[in-house]
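Participant: As they're listed, the protein sequences go chains A and B.
Counting along the first sequence from 1, when you hit position 21 you're at 21 in full-length UniProt numbering, and nothing is skipped either side.
Counting along the second sequence from 1, when you hit position 672 you're at 672 in full-length UniProt numbering, and nothing is skipped either side.
In short, the hints are calculated from the structure, not lab data.
This one's a predicted model, so the numbers in the text were calculated from it and none came from an experiment.
Any given hint could be a false lead.
[What the hints assert, rightly or not] Using 25 angstroms as the maximum straight-line C-alpha spacing, the simulated DSS-like pairs for lysine-lysine come out as follows:
#1 B:K581 to A:K195
#2 B:K581 to A:K86
#3 B:K581 to A:K47
#4 A:K150 to B:K581
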Amino acid sequence: MNFLAPLLMAIPSPVHVVLVVTLLSTLAPTSANVEGDALYALRRAVKDPENVLESWDPTLVDPCTWFHVTCDGDNRVTRLDLGNAKLSGSLVPELGKLERLQYLELYMNNLVGSIPEEVGGLKSLVSLDLYHNNLTGSIPASLSKLPNLKFLRLNSNRLSGRIPRQLTKLGNLKILDVSNNDLCGTIPTSGSFAKLSEESFMNNSRLEGPELMGFVRYDTGGCK
Amino acid sequence: MLRKFEQSRLFEGRLVELLLAVATVLLVSDSEGLNSEGQYLMEIKNGLQDEFNFLGNWKSTDQTPCGWIGVNCTSDHDPFVWSLDLNSMNLSGILSPSIGGLIHLTFLDLSYNEFKGDIPKEIGNCSLLTILYLRANQFSGPIPEELGNLSSLEEFVAYTNDLTGTLPRSIGNLQKLRIFRVGENAMSGNIPAEICRCQSLQFLGLAHNRIGGEIPEEIGMLGNLTALWIWENQLSGFIPKELGNCSNLESLDLGGNALTGPIPVEIGDLKFLRTLYLCANELNGSIPREIGNLSLATEIDFSENYLTGEIPTEFSKFLRVLYLYTNELNGSIPREIGNLSLATEIDFSENYLTGEIPTEFSKIKGLYLLNLFHNQLTGVIPNELSSLRNLTMLDLATNYLTGPIPYGFQYLTEMHQLLLFDNSLSGTIPQQLGVYSPFMEVDFTNNHLTGKIPPFLCRHANLVFLSLGANKLHGNIPNGIKNCERLKRFNLNGNRLSGTLPSEVGNLVNLYSIRLDDNNFTGSIPPEIGNCRELQRLQIAGNHFTSKLPKEIGKLSQLMLLNVSSNLLTGQIPSEIVNCKMLERLDLSHNSFVDSLPNELGTLSQLELLTLSDNKFSGNIPASLGSLSRLIELQMGGNVFSGEIPPELGFLSSLQIAMNLSFNNLTGSIPSELGKLALLEVLILNNNHLSGKIPTTFEGLLSLVELNFSYNNLTGPLPAIPLFKKMNSCSFIGNPSYKATLIIVPLKTIIKLISTIIEPTWTIWVYTPLTNMAIRIISVGHEYVEPMELIFPRHAAVELRRAPNIGSEMKFPGALIGNNLISEIVVFRFAMYRKVRAFGYIVSDLDMDFVLKKTCVTPCQ
Chain A
1 MNFLAPLLMA IPSPVHVVLV VTLLSTLAPT SANVEGDALY ALRRAVKDPE NVLESWDPTL
61 VDPCTWFHVT CDGDNRVTRL DLGNAKLSGS LVPELGKLER LQYLELYMNN LVGSIPEEVG
121 GLKSLVSLDL YHNNLTGSIP ASLSKLPNLK FLRLNSNRLS GRIPRQLTKL GNLKILDVSN
181 NDLCGTIPTS GSFAKLSEES FMNNSRLEGP ELMGFVRYDT GGCK
Chain B
1 MLRKFEQSRL FEGRLVELLL AVATVLLVSD SEGLNSEGQY LMEIKNGLQD EFNFLGNWKS
61 TDQTPCGWIG VNCTSDHDPF VWSLDLNSMN LSGILSPSIG GLIHLTFLDL SYNEFKGDIP
121 KEIGNCSLLT ILYLRANQFS GPIPEELGNL SSLEEFVAYT NDLTGTLPRS IGNLQKLRIF
181 RVGENAMSGN IPAEICRCQS LQFLGLAHNR IGGEIPEEIG MLGNLTALWI WENQLSGFIP
241 KELGNCSNLE SLDLGGNALT GPIPVEIGDL KFLRTLYLCA NELNGSIPRE IGNLSLATEI
301 DFSENYLTGE IPTEFSKFLR VLYLYTNELN GSIPREIGNL SLATEIDFSE NYLTGEIPTE
361 FSKIKGLYLL NLFHNQLTGV IPNELSSLRN LTMLDLATNY LTGPIPYGFQ YLTEMHQLLL
421 FDNSLSGTIP QQLGVYSPFM EVDFTNNHLT GKIPPFLCRH ANLVFLSLGA NKLHGNIPNG
481 IKNCERLKRF NLNGNRLSGT LPSEVGNLVN LYSIRLDDNN FTGSIPPEIG NCRELQRLQI
541 AGNHFTSKLP KEIGKLSQLM LLNVSSNLLT GQIPSEIVNC KMLERLDLSH NSFVDSLPNE
601 LGTLSQLELL TLSDNKFSGN IPASLGSLSR LIELQMGGNV FSGEIPPELG FLSSLQIAMN
661 LSFNNLTGSI PSELGKLALL EVLILNNNHL SGKIPTTFEG LLSLVELNFS YNNLTGPLPA
721 IPLFKKMNSC SFIGNPSYKA TLIIVPLKTI IKLISTIIEP TWTIWVYTPL TNMAIRIISV
781 GHEYVEPMEL IFPRHAAVEL RRAPNIGSEM KFPGALIGNN LISEIVVFRF AMYRKVRAFG
841 YIVSDLDMDF VLKKTCVTPC Q
């Protein structure tokens, strides 16, 4: 409704309201296009100086003809390729609705704000590449619900807080890179973290090193 | 009580200040001629830019301002300014606090200018104001609390500004207020319950702000309210049932909030209600039957909620608009729908409606919009709909409709939009379709339609979108297509269409998408396609197009997607293609293109997918491809590219999906730069003539999950890097240094073999068919090691190979063994060359394909 608001305000007569609403029904995105709507929410939340999202037309039945979007045979979104696209703005929780998304490539942009908890709903996700942005907040523990996650690259942001210990459950994790952030606390060492090298965690000045098992408690204070 | 007292004291204090100020000005004004109100107005003027000199006759040399544009005075002997009307004068700037000096003002209209900054709190001194219009300016900041001092105020209209802050509580003092409109601002906070003391209020407009909280139940005290517009805010909570007490309400719009709960049945008490908008909230429950009591209602919009249950059978017979789309309604569409004889728009799309489309729709003679898409409707499209002469938009897409497109549709003279895609419609498309209908959009995609494309779809030259894909249509593209000058989208993919792409396509200069893929089209691609300057997508894959790709393709400067794969195209790629600077996806695969690639291909800096596989491209891979910094997939396999792999390909920093250079004539060593492709997941280099070692930089291929180096001339040991840990053995076979021959033998043969070999000339690798990995070293050097820890499978493929340096010991990097990289390797030496030859003889008897199949879980290419 927002984009028609000026029109509506300028013509207060209820008769005209009908006209406006009529127009709306043909323009408004269809909500059965859940994945298109989710992506469109992203489009609205970011600035796109190079118009890379120009083809993202919410009135289409699905987003499969949009550029930088790839679908499978059932017209469900599997890839979002927007690395190095000069986008600024924030991620949106609606992204969590892309149930078959495997590749979320938003690296090297200027995204701010936090990583939405809802990203943990992307059950098919193989690769989450958000490196080289300006993201803040903590790494959502919900990412541990992504059984297929192989590549988790969050390096070079301004992420803070602890590395969620639940991430050690990610059995398929091949690469984890959280270097160059502002993380704190200790580095989990169990599960899929056992094989990770120090490089994955470099340049987090407040990180205390690998967690000590045994008598020393994992949860030492002063980390937020 | 105390607060009130303080307020009045404050007011008195200000009054004294003001009187002093007025006295001062009066003294000054005597000496200059212009009276005090004139001076206040001059101060207002001085704060403004007056680009068109509307205030040209506002002169300080006048005695009074009464002759000035926009100023009206009383006709008394000693006139006062009672009205100031500066509506639409292109004035910009700040409204001076001097406005507070015009204490006799009853009418102030500053609408449609560019006033900025705060509404001065001094406006509260204009205590006689009855009308205050500030709409369509750029006033910012909050509405001053002093507004509450204007006890005569009847109309306050300030919509379309940049006001912030909360609604002033003092508004409750305005007992005469009839109209309060502040829509389209950026106001926040809640709706103050005090507003409900405005007993005269008729029109409350708060739409398009950021007002949150709940609608106060006191709203029900506003018995004179006729219009309540709060759409596009952040209201939450239930719709208060007390709204049912606003018995004069004619227009209620709460759309675009976050209201929850059911639609209160009390809404049905609003006997005078004409328009009711509750769309785009989070309402649930079923639509109350009492809505049928709204006997004067002309528009009802409950769309985009979570409403459940069935569509009620009774609505006002005056209803013109009924929007229930995007809810969770179920059941069938009631036959009583036909009673809405005045309806013009009915939209039930995006629900769970079942059953058939009632023929009673045909009784609604004025119906021009009927949207039922995305439900679960079955049966046929009723022929009776053909009698709806005014039908302009019909969208029945995404249902389970069967049967033909009604024959009568071809006589509908108003039909602009006919969307029937994603159903199971069959039969031929009525061939006269378009003769009488001025179509703008026709979409029958994904049905079972047969026959030919109707020849007159474009007769009225209005057609913008035409999609007939995924049907069983045959025949040619009709000639009439040349009339489609407005056509933007032209999708015929996935049919059985034949003939050529007519050269008239060049007349369709507005086209942005052509999809002809997966048909039986023949002939060449007409050069006239270059006239379609707006074209963004050209998809003609999977046809029998012949001849060259016309060089005119280079004129398509907007082209983002070009897919001509799986045709019979020949010749060189025209070098003009590098003018298509917007190209993001380029697929030329499965044709017979020849010769080398244009060197400038690397200047297509937007390319993300480049697919050139299975052609006859030759020459070197242009080094310039390394500048495609956005490329995520590179497919060049199955050509005759020669020369070395350019090291520049290592700069493809976005490359992620795959790099496939297999089945070419590439020579030289694998450039170490490829090790920089940190995102790359699939690297396919098999069946070339690559030589040398696999670079140790491949340690940098952090993301690699699939790799194939087989059938090259690679030598040397595998680098000691973890990525090879889980590699399919197929990835390495076929490189002579790694292999002489490959056979399947029972395990006992291997053991026997081991026991007979003693001289350091040959090595044997054993691959297990289960894991596709070479098995553990059993023997190194002269000494035979009992394979104690091994659990051998019943069969294993044995690969014999010559050690790189005959006579010296084959060296396996320690890290490689320790990491179980090739976790199970048999290394031993043959005693006599003769025996090896004998063994080799056995080997050559075996069918190699069989061996490969047995060896690999996924067969090697």
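Participant: Would you mind marking each hint as holding or not holding in the structure?
Facilitator: Okay, the hints, checked on the actual structure:
1. As the CA atoms of K581 of chain B and K195 of chain A are separated by approximately 44 angstroms, the hinted pair breaks the 25 angstroms bound.
2. For the given pair, K581 of chain B sits about 18 angstroms from K86 of chain A by alpha-carbon distance, which is consistent with the 25 angstroms threshold.
3. Distance hint between K581 of chain B and K47 of chain A is fulfilled; the C-alpha atoms sit about 23 angstroms from each other, no more than 25 angstroms.
4. For the suggested pair K150 of chain A and K581 of chain B, the alpha carbons sit about 34 angstroms apart, so the restraint of at most 25 angstroms is broken.
Comparing the model with each earlier hint shows violations of hints 1 and 4; every other hint is respected.
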